[in-house]
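A.B. asks: Here is how the chains run, residue by residue.
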Amino acid sequence: MENNNRLNAKDLINVGIYTAICAVICCAIAMTGVIPIMMVLLVVFVPIFTGIPYMMFLTKVKKFGMILILNALMGALMWVTGMSYYALIVGTISGLIAEFIYRAGNYKSKKLGVIAYAISGIYCWANYFGIFFNAEAYFSTRQNFGQEYIDAVTGMLPVWMCPVLLVADIVCGLIGGWIGSKVLKKHFEKAGIA
Amino acid sequence: MEYRLDRNVHSLLDPRTKLLLLFTSSVFVVGNAGEKQMIVFYWILVYLPVFLLFIEKEWKAGFVAIAVYIGSFYAQLALRHDLTALESALALMLYIITKILPTVILARYIVKTTKVSEFLAAMNRLHVTDKLTIPVSVIFRFFPTVVEEAKSINDAMRMRGIEMGAKKATEAVEYRMVPLIASCSIIGEELSAAAMTRGLDVGKKRSCIWNIRFGLFDFIIIALCLSCFIWWGIGRFFI
Chain A
1 MENNNRLNAK DLINVGIYTA ICAVICCAIA MTGVIPIMMV LLVVFVPIFT
51 GIPYMMFLTK VKKFGMILIL NALMGALMWV TGMSYYALIV GTISGLIAEF
101 IYRAGNYKSK KLGVIAYAIS GIYCWANYFG IFFNAEAYFS TRQNFGQEYI
151 DAVTGMLPVW MCPVLLVADI VCGLIGGWIG SKVLKKHFEK AGIA
Chain B
195 MEYRLDRNVH SLLDPRTKLL LLFTSSVFVV GNAGEKQMIV FYWILVYLPV
245 FLLFIEKEWK AGFVAIAVYI GSFYAQLALR HDLTALESAL ALMLYIITKI
295 LPTVILARYI VKTTKVSEFL AAMNRLHVTD KLTIPVSVIF RFFPTVVEEA
345 KSINDAMRMR GIEMGAKKAT EAVEYRMVPL IASCSIIGEE LSAAAMTRGL
395 DVGKKRSCIW NIRFGLFDFI IIALCLSCFI WWGIGRFFI
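Those sequence lines, one after another, are chains A and B. Residue 1 is where the first sequence starts when you use the numbering used here, and the numbers rise one by one after that. Residue 195 is where the second sequence starts when you use the numbering used here, and the numbers rise one by one after that.
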């Protein structure tokens, strides 16, 4: 029995695969951050679009630790690709919380899955910490974006936007998770993959 | 005829050294830690990946990388002042290229020259748990696959007349995302079956056919990375 609860190679490979899919989608969306307004809207688009692979991933999760590893790896990838290390910290913590939420439904409940996705997705919001709390340092290395870009981004992101973005992130996470579970029902359950 | 396997034939650097180098590069080149004070190390770290590519005889990739880097570096220096919105978007893109390109090249070098079994064995020596190393090696194995699948699905959908920016945006996304995930999950099943036959699940210590040990170049690179961090630490806490 105890052997069944340990993560085996198959689970770990699944974690790797879905992390790669989510990371590619994140990357594709983050490219649009060149336009100032999109930079802010990343927090909306990333949770919505990664919802489908994530909900698919949750159908494969049957053991403790998988969500946590996926989130920690996503955070680490954010760090390596030049966001901030806040994503790693926040991602790990939110992954742990999501893990407990999803476990409460014995890794079966769809509703709890959507909530778990919304919570775990807040590493996306953590990427903005650099702008909120340390704006001067953040932009000192980015002087050559042109003052216009800097003004546009800082103008859109006063400190009170921080909780607003968190709420937006979670709401979009709920929407994304809901869309994800719809798509899952429509396509994958019929095909027998989920 | 006697067949002998040369257990020392592998790339110049040890997987552990490569990871340390990648970490250093992402802190100092992408993260731009230390700025002015680190300028010498910065340029070493920028050109080192290309040098490594040349050692592996990847001439074409190396020259393309240098050309793109130098081109975008000087272009973004030229685009410094009084920018219109469009120009500043361009400058931003060029800036991102100059920041990320060296590390991307390094990552490409690492993926190309490191065997998965070598990586797992090296991480095992460092006592990193399997729970992290297996997903990480799958991610690196999987990035090119995901991009390739996405490309061919994109082609197929274009043939059906379902394009990005068409009237039904939701349809365009759905018809791309769903086949992508379906095919990736099937590839994943195959991958786990392959891993199973290689005994990834046995739970005993795995042996590795390659000799993994540090050589001269490893010590040079490690010394370089450590001196980066030490010099940065000196600048940060003592001056």
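Hints in this document: simulated from the structure, not taken from any laboratory. Cβ atoms here follow ideal geometry from the backbone N, Cα and C, with glycine treated the same way. Take the hints with a grain of salt, since some may be wrong.
Straight line, CA to CA, 35 Å or less: simulated DSBU-like cross-link-like pairs of lysine-lysine [unchecked claim]: (1) Lys325(B) - Lys306(B); (2) Lys111(A) - Lys60(A); (3) Lys63(A) - Lys306(B); (4) Lys254(B) - Lys60(A); (5) Lys345(B) - Lys182(A); (6) Lys62(A) - Lys345(B); (7) Lys60(A) - Lys345(B); (8) Lys309(B) - Lys10(A).
Here are some of the chain B residues that sit facing chain A, going by a computed Cβ distance under 10 Å [unchecked claim]: (9) Thr327; (10) Pro329; (11) Phe337; (12) Leu374; (13) Gly382; (14) Leu394.
A.B. asks: Hint by hint, note whether the structure agrees.
C.D. replies: Structure-based check of each hint:
1. Lys325(B) - Lys306(B): holds (23 Å)
2. Lys111(A) - Lys60(A): holds (16 Å)
3. Lys63(A) - Lys306(B): holds (33 Å)
4. Lys254(B) - Lys60(A): Answer violated: Lys254(B) to Lys60(A) is near 42 Å, above 35 Å.
5. Lys345(B) - Lys182(A): Given that 35 Å is the threshold and the Cα spacing comes to 25 Å, the pair holds.
6. Lys62(A) - Lys345(B): Satisfied, since the Cα-Cα distance of roughly 32 Å is no more than 35 Å.
7. Lys60(A) - Lys345(B): It holds: about 26 Å lies between the C-alpha atoms, which stays within 35 Å.
8. Lys309(B) - Lys10(A): Answer holds: Lys309(B) to Lys10(A) is near 20 Å, not above 35 Å.
9. Thr327: holds (9 Å)
10. Pro329: holds (4 Å)
11. Phe337: Because about 6 Å separates Phe337(B) from the closest Cβ in chain A, which is inside the 10 Å limit, the hint holds.
12. Leu374: Interface hint status for Leu374(B): holds (7 Å vs cutoff 10 Å).
13. Gly382: Since the shortest Cβ distance to chain A is 4 Å, the answer is holds.
14. Leu394: holds (4 Å)
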